[in-house]
Amino acid sequence: MSYSKPKFKDTYHNFINGKFVAPIGGEYFDNTSPIDNSFIAKYPRSQKEDVELALDAANAAKEAWGNTSVTERSALLNKVADIIEANLEEFALVETCDNGKPIRETLNADVPLSIDHWRYFASCIRAEEGGASELDSNTLSMNIKEPLGVIAQIIPWNFPLLMLSWKLPPALATGNCVVLKPAEQTPSSATLLMEKIAEVFPPGVLNIVHGFGPEAGKPLASSSRVDKVAFTGETTTGQLIMQYASKNLNPVTMELGGKSPNIFFNSVMDEDDAFLDKAIEGAVLFAFNQGEVCTCPSRILVQEDIYDKFMERVIARTKSIIQDNPYDISTQVGAQASNDQYEKIQSYLKIGVEEGAIVLAGGAACKLSGDLANGFYIQPTILEGHNKMRVFQEEIFGPVACVTKFKDEAEALEIANDTLYGLGAGVWTRDAHQLYQIPRAIKAGRVWVNCYHAYPAHAPFGGYKKSGFGRENHLMMMDHYRQTKNMLISYDKNKLGFF
Amino acid sequence: MKRIDITKEALKVVEELKEKYGELIFHQSGGCCDGSAPMIFEKEDMYLDESDILLGELGGVNFYMNKDQFEYWKHTHLTVDITKGRGASFSLEIPLGLRFLIHSRLFTDEENNALGNY
Chain A
106 MSYSKPKFKD TYHNFINGKF VAPIGGEYFD NTSPIDNSFI AKYPRSQKED VELALDAANA
166 AKEAWGNTSV TERSALLNKV ADIIEANLEE FALVETCDNG KPIRETLNAD VPLSIDHWRY
226 FASCIRAEEG GASELDSNTL SMNIKEPLGV IAQIIPWNFP LLMLSWKLPP ALATGNCVVL
286 KPAEQTPSSA TLLMEKIAEV FPPGVLNIVH GFGPEAGKPL ASSSRVDKVA FTGETTTGQL
346 IMQYASKNLN PVTMELGGKS PNIFFNSVMD EDDAFLDKAI EGAVLFAFNQ GEVCTCPSRI
406 LVQEDIYDKF MERVIARTKS IIQDNPYDIS TQVGAQASND QYEKIQSYLK IGVEEGAIVL
466 AGGAACKLSG DLANGFYIQP TILEGHNKMR VFQEEIFGPV ACVTKFKDEA EALEIANDTL
526 YGLGAGVWTR DAHQLYQIPR AIKAGRVWVN CYHAYPAHAP FGGYKKSGFG RENHLMMMDH
586 YRQTKNMLIS YDKNKLGFF
Chain B
26 MKRIDITKEA LKVVEELKEK YGELIFHQSG GCCDGSAPMI FEKEDMYLDE SDILLGELGG
86 VNFYMNKDQF EYWKHTHLTV DITKGRGASF SLEIPLGLRF LIHSRLFTDE ENNALGNY
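In order, the protein sequence lines correspond to chains A and B. For the first sequence, the positions run 106 to 604 when our numbering is used. For the second sequence, the positions run 26 to 143 when our numbering is used.
Next comes chain B alone, as it looks inside the complex (with noise of 0.2 Å):
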């Protein structure tokens, strides 16, 4: 039961960005302006502790939610995807012209009793 997947189109940037940069993470933003997007990082770049929840790994790349974000999220089943664009975080896919987005879908109740989501 995965509570995150993404999209072939996305994956594909994904790749593109772990050759030339090696190994990363995502991080799901919240707040103002280009918030509410994931983000993604050279894996050194983020300080991460038991206040950051792994949602799934996607292509190689962790995918982590600030704990007190998670418990607004987790009844929600989580896509990455990518669209034309401009943010103006450190996310590395920027320069491409492109952002990283999210789509959700409310788990089902089996889901939810499955991740212990109650």
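Chain A extracted, bound-state conformation (with noise of 0.2 Å):
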């Protein structure tokens, strides 16, 4: 079964103070698909002035958005969720043309994994309660969380509508109002989600604002009119938005991707069975979302007994990869989101092969034809070597792991923990002592044991070291939003005695 391109409107535009607004400057840049390099629409090629029109109205907005009850809050988000399930098949489609990657992830992993979100924190907000301390018999200490007021949200490419799902809810549903600029790349399920949802909030509450980085989003995370920051990316940006955020003293949450081991112990091989099996596609995983996810496993590290007989599995479930068309529901790997990526992926190829490592498997672009030999395609790629090269230590956001060997849980975590990042982490083992003591010893955010690349609500996600702070999917991300205020009430009749 195969779908084809959605059709688009000509222009987009921002959505401010719940309306659709042209950009003041009347500039607008196109929008392209990484599939077949077509064009998709213009958006708005916004600048600061477009930012202060969607802060002006955040700020006019947080004080009745921050009281509206917390039952009608969590009612808004649901209604969201029902809004995107009513339309799930539009959004999947939208979300492989812009992003490039298979109908089949947007259908089963993006969108869901986006409704999921909303309902979850649409709950959370429901459930949590506050604090109360009675500090002696006549003083009580009362917490009460209150929103922040307006936040600034900066999101990647590589999930558009999952990353928009993951910081949108918390900041809403804890009372925030928020301006939120997607990434430049893939604008497109962001304003399809505002067109869909219009009308649910009240105006000023959620504002969408297209554009460059230099012109749209510095002035939005640089601007003393917001309460915080929150940004997904990569560490130079991270670290211009904390020295804007320390200017105007605000917090700030950062997810800026990883290096991940996925860490294969002997005892995955005791058997072959329906557990080898797993573990064999555990591996595989590198090529999910053609490596372009924050927690790529993209560091295979093997137990050195198994390695010829394991690593022959992995190479042969890497080849049979079916790499085509991403509108057909049978493609396992789509485009890269853009040219640059195909560029900056083929440079890590190369220096990988100058620096010694052995291509196991795929190792080039890959072409396919028609309209297709336009987009920007890379086989999924098995690159045997060590890990002080530099394709062992950098993100490369392509589908390319490389992999090494390992003689024992020592050396398995010395290889594991020598990388400037902590965002994610994989375990595969039968030995249940291994199961609870590697996953400890590793310094990342998240270590999957006996899986890998799962994301629901419900379990915390961030990262340690470079890979940044703040933990999403999670109720305590409510409190990365919100401030407490204290209410220090004494019941007693008498004065302190000191005046």
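FYI, nobody ran anything at the bench for these hints, they're computed from the structure. Hints are supplied without guarantee of correctness; some may be wrong.
[Stated by the list, open to error] Cut-off 20 Å, straight-line C-alpha distance, at most; resulting in silico cross-link-like pairs (EDC-like, lysine to aspartate or glutamate):
{"hint": "1", "chain 1": "B", "residue 1": "Lys109", "chain 2": "A", "residue 2": "Asp141"}
{"hint": "2", "chain 1": "B", "residue 1": "Lys99", "chain 2": "A", "residue 2": "Asp523"}
{"hint": "3", "chain 1": "A", "residue 1": "Lys184", "chain 2": "A", "residue 2": "Glu195"}
Put the two chains together into one complex, using the hints given.
Right, dumping it as structure tokens:
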């Protein structure tokens, strides 16, 4: 079964104060599909004054929205989930067209997970309670969580709708207004969502401004009229945003990627059974979403005594991946999101080989035929080498895994932790002790144990080390969007006696 | 012995940006999405200190990399190039529909010795 490119309007606008608004300067940029490099639509090339307009709206709405009952806020979040669900296929198609990922993923992962995140935070905000402590028989300390006010959110292009759905629900549930800038490579699903939910929230509560990083992203992230910035992206921009936030003394949360180890202990091959099959798939998950995942399991570490046999099966599975038209439901790997990604990945393949890495699978661009020849496809690639090579240390953000051997637990941990990052990791074993001890010793915020690449709401997700801080997908994220009002109440009629 | 060079095409873009913005710096990014790519900013935009290693100067623009990252990169010679594309960072070439990128090659033993990489 195959879908085809969805229909778009010629031009789209920012969503500010409950309305679609043209950019003040009247400039637009062309958005294209990485599937065949074809034109999708024009999107606003917003500037500082457009960001200011959105901030006017958000600041004007924050008082009323912050005082809206949790019952109502929760109901509105659920409404958004219902609307996405009712249009699931349309969202999936638009996402595939804009990002290049296969339709089977957008239908079964991106959009359903997005829906669930809205519902999860709609539930959390109803279920949680504040705190009260009796400090002595006459003194009560009461904690009330209050929204921060206006939140700036800057999201990436690898999971456009899902990243939006990680960021918006906790901020909105807790009573904040938001100005969100989608990545300029993938503005479509955010815009489709605004078209579908334009009437759901009061004007100004949710605003979307499109445009380029230096022209729209920077004025948003550095504005003294926001109370917090949430960012997912890379380290240099993360550092800049923290700098801007320091001038405003604003809190930030950062999710900055990783170079995640996926560790296979020899016990995985004790039996040739369903679990071994799962482990092999677990290694091949590096190719999921074309490797454009912050937690891509891009370093495969295999115990030396099973290395040859295990890798033989991983290579065979990798070579059987179907890479073709992303609109075709049987396609497993689609296009990289943009030409610059495509070029960057190829430059890494080159330096990998030059550093002495051996190509075990793939190793080059993938040339498809017809219109797809204009798209940006890279073959799922496995490079064999050692952990000091640059391909083992840098996030390639492509379908490229680097594999190396280890002798024992100590060496596995040494290699796993020899990285600047600490976002994700995988541990595969049948050994009950390793199941607990190895994940505890890995310096990463999320360790998948006998699984990988699951991102359910209700499991906190975030980084150690240079991968950032903050924990998304979990109710603890709500506290990253709030401050605590402590009321210290005396029920004592008598004075202190000091004066 | 230089650690970093720039292609003619990329240099042209640097000159164009210098004319528009004045003094600039390059900073090599790491991490996800648009990471692992060089970014160019107005000189005062980014706070730099001794944790940022100066790799060289390209058309009057200093190129920096974080010290931790440099440890993993220092055995490779870098060339800044330019390609069509659309990054999502604050790098100043993005509105031009262009992205800087890095090509790398291994230093020879002789070069490594000259640079004190061992």
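Return the numbers of the hints above that this structure violates; sort them in rising order.
none
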